[in-house]
Amino acid sequence: MGIKQIPTKLFIKYLQKIGLVYIRTKGDHDIWNYPDKHPRGKLIRPITFKGKDKEIPVDHINTNLKTLGISNVQFEKAIKEL
Numbered sequence: 410m411g412i413k414q415i416p417t418k419l420f421i422k423y424l425q426k427i428g429l430v431y432i433r434t435k436g437d438h439d440i441w442n443y444p445d446k447h448p449r450g451k452l453i454r455p456i457t458f459k460g461k462d463k464e465i466p467v468d469h470i471n472t473n474l475k476t477l478g479i480s481n482v483q484f485e486k487a488i489k490e491l
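Residues 410 to 491 (this note's numbering) are what the sequence shown spells out, left to right.
Simulated from the structure, these hints should not be mistaken for laboratory data.
Where a beta carbon is used, it is the ideal one built from N, C-alpha and C, also for glycine.
Nothing false has been slipped in among the hints.
Straight-line alpha carbon distances no greater than 25 Å define the calculated SDA-like cross-link-like pairs of lysine to any residue that follow:
1) K422 with R433
2) K426 with Y443
3) K435 with H469
4) K446 with Y423
5) K426 with D437
6) K435 with K451
7) K446 with G478
8) K451 with G428
9) K418 with K461
10) K489 with I415
11) K413 with I479
12) K463 with R433
13) K486 with E464
14) K418 with L477
15) K489 with T417
16) K413 with H469
17) K475 with L452
With beta-carbon atoms standing in for the labels, derived distance ranges:
18) R433 with D468: 17 to 25 Å
19) K446 with V467: 29 to 37 Å
20) K446 with K426: 13 to 21 Å
Construct the entire structure; sequences and hints are all you get.
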């Protein structure tokens, strides 16, 4: 079926569920990462998206999933459970 745009609030819920925390906003972009003492450690590249937008575009979702090492199938399953 493929990933579709999702509401920003739902994406934030997902990030919180997997243990990420809001770090800061730089320009229009919200920056998320694992906390300092998280077992997985910090990400090489933090998760970034425009927090003020109503929806997260598909290309941003795919880029962030790649950074997290999460497949589209895993993501779609987790989103349905939220």
